[in-house]
Amino acid sequence: MSLKDIKSKFPIFKSNKKLVYLDTANSAQKPKVVVDVMDDFYRNKYSNIGRGVYSLAGIATEAYEQSRRAIKEFVNGSEGEIIFTKNSTESINLVATCFSKFLKEGDEILLSEAEHHSNYVPWHFLRKKKVNIKFIPINNDGELDINKINSLITKKTKIISIIHISNVTGHTSPIKKIIEIAKLKKIPVCIDGTQGVAHANVNLKELDCDFYAFSSHKIYGPAGVGLLFMKSKWLDQFDPFLGGGGMIQNVDLKNITYASGVSKFEAGTMPSAEVVALKEAVHFIDQLKIKNIITHEQNLTNYAIDKLSQINDVEFVGTPSSKSSLFSFNIKGIHSHDVSTVFDQDHIAVRAGHHCCQILHKKMNIVSSIRVSFGIYNNKQDVDTLCESIKKCKKLFKLN
Amino acid sequence: MSLKDIKSKFPIFKSNKKLVYLDTANSAQKPKVVVDVMDDFYRNKYSNIGRGVYSLAGIATEAYEQSRRAIKEFVNGSEGEIIFTKNSTESINLVATCFSKFLKEGDEILLSEAEHHSNYVPWHFLRKKKVNIKFIPINNDGELDINKINSLITKKTKIISIIHISNVTGHTSPIKKIIEIAKLKKIPVCIDGTQGVAHANVNLKELDCDFYAFSSHKIYGPAGVGLLFMKSKWLDQFDPFLGGGGMIQNVDLKNITYASGVSKFEAGTMPSAEVVALKEAVHFIDQLKIKNIITHEQNLTNYAIDKLSQINDVEFVGTPSSKSSLFSFNIKGIHSHDVSTVFDQDHIAVRAGHHCCQILHKKMNIVSSIRVSFGIYNNKQDVDTLCESIKKCKKLFKLN
Amino acid sequence: MDLTELYQDLILDHGKKPRNFGKCNSANHDAKGHNPLCGDNIHVYLNLDNNNKVKDISFEGSGCAISVASSSIMTEIVKGKSEKKARVLLEAFFKMIKEGQEINKADLTEDEHIKFSSLAGVGRFPMRVKCATLSWHTLRAALDNEKKPINSEIID
Amino acid sequence: MDLTELYQDLILDHGKKPRNFGKCNSANHDAKGHNPLCGDNIHVYLNLDNNNKVKDISFEGSGCAISVASSSIMTEIVKGKSEKKARVLLEAFFKMIKEGQEINKADLTEDEHIKFSSLAGVGRFPMRVKCATLSWHTLRAALDNEKKPINSEIID
Ligand SMILES: Cc1ncc(COP(=O)(O)O)c(C=O)c1O
Ligand SMILES: Cc1ncc(COP(=O)(O)O)c(C=O)c1O
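Chains as they are written, first to last, in numbering that gives the first Met the number 0: chain G, 0 to 399; chain Z, 0 to 399; chain P, 0 to 155; chain F, 0 to 155.
Don't take every hint at face value.
[To be verified] With a straight-line cut-off of 20 Å between C-alpha atoms, the simulated EDC-like cross-links for lysine to aspartate or glutamate are: (1) K147/F / E78/G; (2) K15/P / E4/P; (3) K97/F / E64/G; (4) K361/G / E109/P; (5) K83/P / D55/P; (6) K391/Z / D12/F; (7) K362/G / D251/Z.
Derived from the structure by calculation, the hints contain no laboratory data.
From a predicted model like this one, the values you see are computed outputs, not experimental measurements.
Produce the entire structure from the sequences given, and follow the hints as far as they go.
Dropping the structure here:
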């Protein structure tokens, strides 16, 4: 399989021949193999997992656990430390809520100004306990000011939670350095890897963070499945997050004991078909090789930034030196939603708005922006179409 | 469409011709229309909802909200009071967690001994706040002792949370009476309706409870989607549950304000395809008419109980007078898992274990049981096959 | 769908140079509106005099061309009308956008009619309907003395 | 798959009348095992004497025929063996169940061999493997002085 004819592996581009999909950071389109496996499961093999002794349930459970192993290998995690949630948002909420028992008044949590709302709101909830949240500032380029970190960490800093790759600027946070600094001070680190996996090389054993959260639907897998890597010491120390079936050991009228390991954090029925199909997404990426994907997407990003820079009135939201698979911009004087409507006429799908990053937008003195995010199926022609549409937009709004 | 040839509408019975699926209470099989719509969405229309201005996103969002309306009409709920979660378990956790702010030391929560772990563990978590949990007892028949309710309710009772239909005995709790009693004392009531919807007539306007939780995957819809009906006064009074994208109004470094209505409780990316396909499941049930389904399933239950009663050594787990679509039993002297393995050889899928109801099982002095649960696709022949297999089992284990 | 029908000169003009922008003096009614999808916020202020006439009206907020133009045009048309007439107009606006129904000409002057109708094209862009209707919903909230901010996600 | 191969008379007999059941006297090692799928619990007790010989061994708990028979047979076979031998046997048991590998005959008496091998059929019923292996995992935990209960969901 090669990246050249990759579009043909995605049914969406057959039924929507003109579609220029530049919204992968929002949710990725699905390869045929992923949909096929899910469809086959729902039609011919459907069963809930873990709760039945009969064959269908046994086969489903085995396939489900295979998917967990595939994910584990993909991010080079460790056995028994991958938890299934509903999305990255739930993963981070789980960490924040469970971690709160170690926090007392005056303690500090360190985030960055580049965080997605899902890596801020769950920590904001803890302000009820009178803990303080500090933010590593970003500069005008959208880059994390790594030099500020040391002065922001105090004796009261109890946890650091940082975005891996910004979903607005595409900036890659220096997470390795942050984790090293934190380790010296024995502060646990949580990484919001939602835009990292499938666009960067993620090696959890090497990173050695405490938590790493991401979503299936952003890595070409089905929706409804989130992932959380959690170091096993936390599996033991945390109280459970959601309570229900599958996470208990013994229940009586007075007391309840919980299952050990990841089971403690997986309450209720999980989407078996979706998890099973996620394995195909991982396999698909593996076949293409992540290093080829990174090169492909960074080339596209560079090409696009280069071309857009040549158009008057295009203003980028940050210009970080580390490029990933996405960037954001505005056309001066035209609101992002109006731009997006014009793009839509040319079958270009981009996201317009604050991309769940109001703080970053406020810091950049804007309300909203257009985000262009690439996936494995994009090519230079997509960028060319985009540029034509920008010009059309300017003409319509009488800019030149 | 009629219930006679309904099996043909479920692909699973084409690919597994001999399958006798008696585990609908665990998770229901999916009609072809449901899988078709989901498959089509993933292949040809895939988009995340609510966050894009482009056509695919607009169409997805519209279909998503149509599904919400379909659910609302199906259970006769009110506009703007249906929240999407990941499963019934999350729905109940949401209620318990958000309600906890109204609880103080010594306050009481009233459950029943028939609760599924998902309607006990989330409340158990609140014992940290030194609140007490009381249980409405069940009798040997598995019936809720309604006469005990009045003496169990005190001035300190702050909420009542009760299972609608037991997932072990099939007993229908007298929820209407309980809600009436509670209303007089101004105590809010939460109903775990996970086994109610699609097997009983659920009319939320008539019931007038405060919360009602259920799961898509148990009502012939896709997995990964839970439902929570919440009266709008609670929408306003509750703090949010999960924090992240989609549930905020304004975010800055010091403070966060939240979206109003159900949005406040829907953080992060939801499974759009699964929600969209859920509408087809509701439509499918509607076409068959719920009253026909009830009759069909109750007839099967009666037929089965009648036939099994004639087999020596079959011991039922409760014999409630109100029958629904399921019941549980043991064969004296044979462990439920051994029975289930024998059944599996005859392609009979049942659940063996404590069905996430350890309290009920302990009350009945057993550790585990076999549960037979019917869906719209079952028929008398399924019951006959079951009876033959029970006899085979007894022979193998040398009982007679 | 033709974009020039959506982005008419009149709309682009009001979008760029909104009329009655800012907080008007002597406002005795106001309401806030929010479109969570766009992140757009609007605040409508108005003065209802003793005869229930909209003596003054203005708005504050930011948004796309459609949203700003719709707010600006709304204030121009509603200013000086009776409360009752304002309510008739807002219903007519929703009917126009959502059902494509033309407004009764008798209700407006020719100039007002042109402005009002310039927004009719939005109806053919379903994802933009909320941008156009938010200000009108907020107007209603202001007339109703509704204290809770309007959320266009829920209403439309 | 033939059920009579799984439910042999020997297994049914041990399942109904488990040997070495209860808490044995003078236990100086013990461990708990739990199968969350079944809800089955097991507690293995043993006495390792000064020569590292399993002087006595017993178990408590409830479970299916496979699980009880496996525990019962395990105690019969391991009793009197050295700790080292017990560890060889438990590895051999896992190999037999999971990979279908026969045990080295030299390691056991003929009677022990028959008992040990009677559980080989479980390997062909994947959903029941954990029922058979739980007691052996728990035996290892007891030998290791592992305080955390064994969870068969995670191990197998
Ligand atoms: C950086 C980042 N973090 C977290 C999230 C939340 O992911 P999800 O919506 O799948 O929970 C997203 C995407 O929306 C994201 O881009
Ligand atoms: C009565 C009852 N409540 C709650 C649940 C939990 O449902 P889910 O696993 O879909 O969250 C179930 C099913 O497992 C149930 O039967």
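Keeping to a limit of 20 Å between CA atoms, is the pair of K97/F and E64/G held or broken? 17 Å, holds
Hint check: K391/Z vs D12/F, CA-CA at most 20 Å. Holds or violated? Holds: K391/Z and D12/F sit about 18 Å apart, inside 20 Å.
Just to be careful, I want the Cα atoms of K362/G and D251/Z compared with a cutoff of 20 Å; is the pair within it? 10 Å, holds
Measure nothing beyond the straight line between the CA atoms of K361/G and E109/P; if it is 20 Å or shorter, mark the hint as holding. 42 Å, violated
Is K83/P within 20 Å of D55/P, Cα to Cα? With Cα atoms ~15 Å apart, K83/P and D55/P stay inside 20 Å; holds.
Can the restraint linking K147/F and E78/G be considered satisfied, given a maximum Cα separation of 20 Å? It holds: about 18 Å lies between the C-alpha atoms, which stays within 20 Å.
For K15/P and E4/P, compute the direct alpha-carbon distance and say whether it is at most 20 Å. 17 Å, holds
Hint check: a violation occurs at hint 4 only; the rest are consistent with the structure.
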